[in-house]
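Engineer: Please construct the entire structure, taking both the sequences and the accompanying hints into account.
Position in the sequence shown (from 1) plus 19 gives the number in our numbering.
Note that these hints are calculated values from the structure, not bench results. If you're wondering where the values come from, they're calculated on a predicted model, not measured in any experiment. Be aware that a few hints might be false.
[What the hints assert, rightly or not] In silico EDC-like links for lysine to aspartate or glutamate, alpha-carbon gap of 16 Å or less: (1) Lys-479 with Asp-347; (2) Lys-265 with Asp-307; (3) Lys-478 with Asp-453; (4) Lys-536 with Glu-518; (5) Lys-360 with Asp-177; (6) Lys-433 with Glu-500; (7) Lys-207 with Glu-313; (8) Lys-88 with Glu-57; (9) Lys-107 with Glu-57; (10) Lys-207 with Glu-193; (11) Lys-366 with Asp-307; (12) Lys-536 with Asp-562; (13) Lys-457 with Glu-410; (14) Lys-485 with Glu-475; (15) Lys-485 with Asp-453; (16) Lys-566 with Glu-518.
[To be verified] Ranges between beta-carbon positions, derived for each pair: (17) Asp-431 with Leu-569: 21 to 29 Å; (18) Thr-174 with Ala-397: 24 to 32 Å; (19) Arg-422 with Leu-444: 53 to 61 Å; (20) Arg-401 with Thr-174: 57 to 65 Å.
Here a beta-carbon is modelled for each residue, glycine too, at the ideal position from N, C-alpha and C.
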Amino acid sequence: MLQNLPKKTGSNLIWWILIVLLISLLYGHLSNENNETEVIAFSDFLNQLDASNIESVVIRGNTIEGLNKNNQRFSTLFTGLYPELIEKIHAHNVKMQLAPTEGPIKSLFSTLLVWFPGLLFIGVWVYFMRNMQGGGAMGFGKSKARLIADNKKVTFADVAGIDEAKEELSELVEFLRNPMKYNEIGAKVPRGCLLIGDPGTGKTLLAKAIAGEAGVPFFTISGSDFVEMFVGVGASRVRDMFIQAKKQAPCILFIDEIDAVGRHRGAGRGNANDEREQTLNQILVEMDGFSDNEGVIVIAATNRADVLDNALLRPGRFDRRINVLMPDINGRKQILTVHTKNTPLHKNVDLEVIARGTPGFSGADLANLVNEAGLLAAKHNRKTVNMHALEVAKDKVMMGPERKSAIITDDDKKLTAYHEGGHALVCLYVEASDPIHKVTIIPRGHALGMVMRLPENDKKSVTLQKLRADIAVAMGGRAAEEIIFGKDFITTGASSDIEMATRIARNMVTVWGLSDKIGPVNVLNTNSYGYDNISNSMGDQIDSEIKKILE
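Structural biologist: What follows is the structure in structure tokens.
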């Protein structure tokens, strides 16, 4: 059985078996000596024999072991110059037994038992020292990176909406396929690539696609897997990870969420022995130090590139930084096409309409949308996914499921209808507003109703006219309540609308410089006591401008 185990695992198993056996022997030896044997002088033995105080004896060579009348064990030594001893023992009616002397094996066993505690201590010490050198005690310092050798199922064809990122990474694939082409001209492939993007944009999928296209082994590990409570364990794992990767070179080493271990040094407790900083130092050395890691390409992913240490981002370590952005309308359509590849779609499905109605959706959000539509179709025993299922799934992902069990009075329904009607009317009459796609008074999430607009295309820059239109649409619901029911009967239903409008107005004044009175002044940092780094009078003017825009 041990032949089928890895060499390191078999060695550890043998050590553990030996330790268990030695502990068992020690326990047996100690349990057999619960009653201590008293060593007495031979003259005392003769005196007790004359006093008839001996119950039984065992003669083994020159040793006499026995039991007295008080059930106490004793032993003594004698010489062969006392031939009448046997007769004397017999004369006192003592039970007598003759036993052979101990052989060499039993004698050696007895010696081992005597030396057992010292040998056990030395064995355990050697075991832990060996493990500390090869990866930490009990394997704590072994790398937790998982080797995924079969990545051919994931290729660039499975990644859509980030064409620029794929083009940047195509050089890595070409190098892994044909490294001699680059070596002959003296070019070196980047040691590391840092994928920067919001959650769900496809950073991990892109890394897998690189390994799949190149047909090389793919190691994956999370940044949090390095960090432990013991100082030095993370650095040991980094060393072991690169050792394992070099054995499989050329290969891809993917570190997800590297910001867990790659944050600015000195930003925490300032302790030089900080475990995270020691781990980061080891990563820096392995990526561009005295170690030779040819053929190992490190790809890391993060959505917090601003917190990474500068030494990690310098050329020679992460040479290339690739921004994985949120997909635009064309990218969302491509992503939907990829995710519906194995989904039977009804002929009325128009993926472009779904793509237009999902601005700000990441690839993961779109995958979830398609899955929700498939679940809904299966729930109603349909064989295909139609447009209605996709629209319902989109609403569910954006706003939450329908609250069909909510008890709503007729007055609340009437109020919600007029409120949403106010939003819709402003959308129709404000030219810069996006066209209306859907109006509903069915409760979803925390909202009792909603007006959904469908942008004709993604806007990279937003005009002042569009911002004013968005504020007007947001305030249309409150205006409708006031017109229909009177100022004394307006409700709290416009709280989220007011919050959104206030956020837009505040950014117009403090970030985008769209206020004539304040001008191009940027005030990013605010706190509960007011604005930072500006005078009180300027803060009052900012508040006045925000209120003016909203009114």
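Engineer: Indicate, hint by hint, whether the structure satisfies it.
Structural biologist: Hints, verified against the model:
Between Lys-479 and Asp-347 the CA atoms are separated by roughly 10 Å; this keeps the pair inside 16 Å, and the hint holds. A hinted pair counts as satisfied when its Cα atoms are at most 16 Å apart, and Lys-265 with Asp-307 qualifies at roughly 14 Å. Simply put, Lys-478 and Asp-453 have alpha-carbon atoms about 11 Å apart, close enough for the 16 Å limit, and the pair holds. Distance check on the hinted pair: Lys-536 and Glu-518 sit about 23 Å apart at the alpha-carbon level, beyond 16 Å; violated.
For the given pair, Lys-360 sits about 10 Å from Asp-177 by alpha-carbon distance, which is consistent with the 16 Å threshold. This hinted pair checks out: Lys-433 and Glu-500 have alpha carbons roughly 10 Å apart, not beyond 16 Å. Between Lys-207 and Glu-313 the alpha-carbon distance is near 10 Å, which keeps this suggested pair within the 16 Å criterion. With a C-alpha separation of about 14 Å, the suggested pair Lys-88 and Glu-57 falls inside the 16 Å cut-off, and the hint holds.
A distance of roughly 22 Å separates the Cα atoms of Lys-107 and Glu-57; the hinted pair therefore is violated under the 16 Å criterion. Between Lys-207 and Glu-193 the alpha-carbon distance is near 12 Å, which keeps this suggested pair within the 16 Å criterion. Using a Cα cut-off of 16 Å, the hinted pair Lys-366 and Asp-307 is violated, with the two alpha carbons roughly 55 Å apart. For the hint linking Lys-536 to Asp-562, the alpha-carbon distance of about 12 Å falls within 16 Å, and the restraint holds.
Between the alpha carbons of Lys-457 and Glu-410 the distance comes to roughly 10 Å, so the proposed pair stays at or under 16 Å and holds. Under the criterion of a C-alpha separation no larger than 16 Å, the hint pairing Lys-485 with Glu-475 is consistent with the structure, at around 13 Å. Restraint check: the Cα-Cα separation between Lys-485 and Asp-453 comes to about 9 Å, which is no more than 16 Å; the hinted pair holds. Restraint check for Lys-566 and Glu-518: the C-alpha separation of about 13 Å stays at or below 16 Å, so the hint holds.
As the Cβ distance of Asp-431 to Leu-569 is approximately 26 Å, the hint placing it in 21 to 29 Å holds. Range check, Thr-174 to Ala-397: Cβ separation about 28 Å, and the 24 to 32 Å hint holds. A hinted range of 53 to 61 Å for the beta carbons of Arg-422 and Leu-444 is inconsistent with their spacing of about 25 Å. For Arg-401 and Thr-174, the hinted distance range of 57 to 65 Å is not satisfied, since their beta carbons lie about 31 Å from each other.
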